[in-house]
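Starting from the given sequences, assemble the full structure and let the hints guide the process.
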Amino acid sequence: MRMKKLYSLMAMAVLTVMGSHAADLKFWIGDTEIENGKTITYSTLTSDDLGGLYEIKMAPELFVSSDEATSVTIIAACTSGQDIQMCAGGQCSSGKTVTKTASVNANEKLPLIFDWIDYVEDLSAPVPAVTTNFTATAGSVTRKFTLVMDPAASSLKLVETTNTVTYGREGLSFDVASPSTLSLYSITGTQVLSQRVDGQGTVNTHSLRPGVYIYALRGARNVTGKILVK
Amino acid sequence: MLKKFLGLCAILTLATSCSDISENDRLIEMDTVKPVRSIVIEDFTGQTCVNCPDAHTVLEALVEQYGEDYVIPVSIHAGSFGMAAANSNYDKGNIWLMQPEGNQIQDAYGSINSWPIGVVNGRGGFANLDAWAKATRIELLRESEASVSVIPDYDPATGTIEIETIIHPYADIQGKLKVWVIESGIVARQRNTEGWITDYRHDNVWRASASALEGDAVSLENGKTFTMKHTIAVRDSEKERWNTENLSVVAILGNSSGYINAQRRAVQRVN
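If you read the sequences in order, they're chains V and B.
Position in the first sequence counted from 1, then plus 306, gives you this note's numbering.
Position in the second sequence counted from 1, then plus 22, gives you this note's numbering.
None of these hints come from the bench; they were simulated from the model.
In this text the structure is predicted, and so the values were computed from the model without any measurement.
Hints are supplied without guarantee of correctness; some may be wrong.
Stated by the list, open to error - Here are the simulated lysine-lysine pairs, DSBU-like style, with alpha carbons at most 30 angstroms apart:
1) Lys363/V - Lys261/B
2) Lys332/V - Lys402/V
3) Lys332/V - Lys344/V
4) Lys246/B - Lys261/B
5) Lys114/B - Lys363/V
6) Lys56/B - Lys246/B
Encoded structure:
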């Protein structure tokens, strides 16, 4: 029994020495690693019609990873004054600075579930640029980056979360399984466009004046939404 | 290379130094809990909180395990991830569930900024949902100093719920009686990690208090039955529309140490 205890102590001492290896922490946006200390921009704004209220959101897919299982503390501090929210590790928190501590498995990306959200009655309301400093710490290792979320930084306008109709640089894009009618109306109700669509394609909207428009797709699926042409 | 060799030696040493545990001792079964009282779990939640559905699942599991007579969940929409009921429009199918009282109930326990979070039986402050099962077990086995019965009757003619609460105390108690209206089966939006669920079923949603929010003061004498009545109007507007068939009333007797006992009863229609 004494020898067993001695062997266990020796083994633990060896493992402690081995454990002095520092974790290799990384931040990711999607599948792209974020270089330590870098500033990245994100400009996709999505909207959801909640029935009389619109949710507008900027939600980059952010992750943190480590080459060994460890506990990571992530701090997101919004320096531009908005409330942001993060749900990594099981609970959601919001505020100008959000701190989360979570366990990370070796070489597995932990989603930060980070976003900026606002609720508006009018989609033409201005959207702020949101700047957030991220810091991840595991033991003695720290990694940082700055995220600038600014929809004005891109020609992309509001994009619906449904994939059936999206609006981007080229115009109003559709993806339908059967013949449908895609119509566009001004905010006053005047129809400005109507076209039969089928399969995938894009309807050119370059001639439209800046403003809010309502689109309606009628067919096997009925989809409505609003877009903002800048 | 040396590190790998040392690591291998360490692993082999540990493997041979483990104690022998007989097969019969490896799995220890917990005794079946026979609840001696009912408890209340206040789940602070929000429709835009992506992890909050996990808490609802935990509550369902606890009710399934111990029975709905013993575990009474109350989902209180509050905090940063709640959506104010004042912004609802039932006629357009736009249903939000956070009442201003929800934040008051939450704030009475202290300041938090993480959801979901809950309080088990008014005791021990905020607890993460992974602590609810253990706390529930402990509370269910705690002796109670009183029994609580509640009888809620809904009269469509008056549009009100008449509530009678009957308490049988086994000790002298200075406490407070909370009488809350909750509703289940509310189909409304809820976010999860995938996005918005438009037809999420919200259960045990805190709707209103028929008593003072912090509870009506009661002074109970050992062995002497105590009765208290409350009345509350059923809400029916485009901002808030209760389904009387899905309403329940929860009567909670508590004091400064926590909740003593409680009962939940479905609202019954009379006349």
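Verification of the hints:
{"no.": "1", "hint": "Lys363/V - Lys261/B", "verdict": "holds, 25 angstroms"}
{"no.": "2", "hint": "Lys332/V - Lys402/V", "verdict": "holds, 23 angstroms"}
{"no.": "3", "hint": "Lys332/V - Lys344/V", "verdict": "holds, 12 angstroms"}
{"no.": "4", "hint": "Lys246/B - Lys261/B", "verdict": "violated, 43 angstroms"}
{"no.": "5", "hint": "Lys114/B - Lys363/V", "verdict": "holds, 22 angstroms"}
{"no.": "6", "hint": "Lys56/B - Lys246/B", "verdict": "holds, 27 angstroms"}
Going down the numbered hints, you'll see the structure goes against just number 4.
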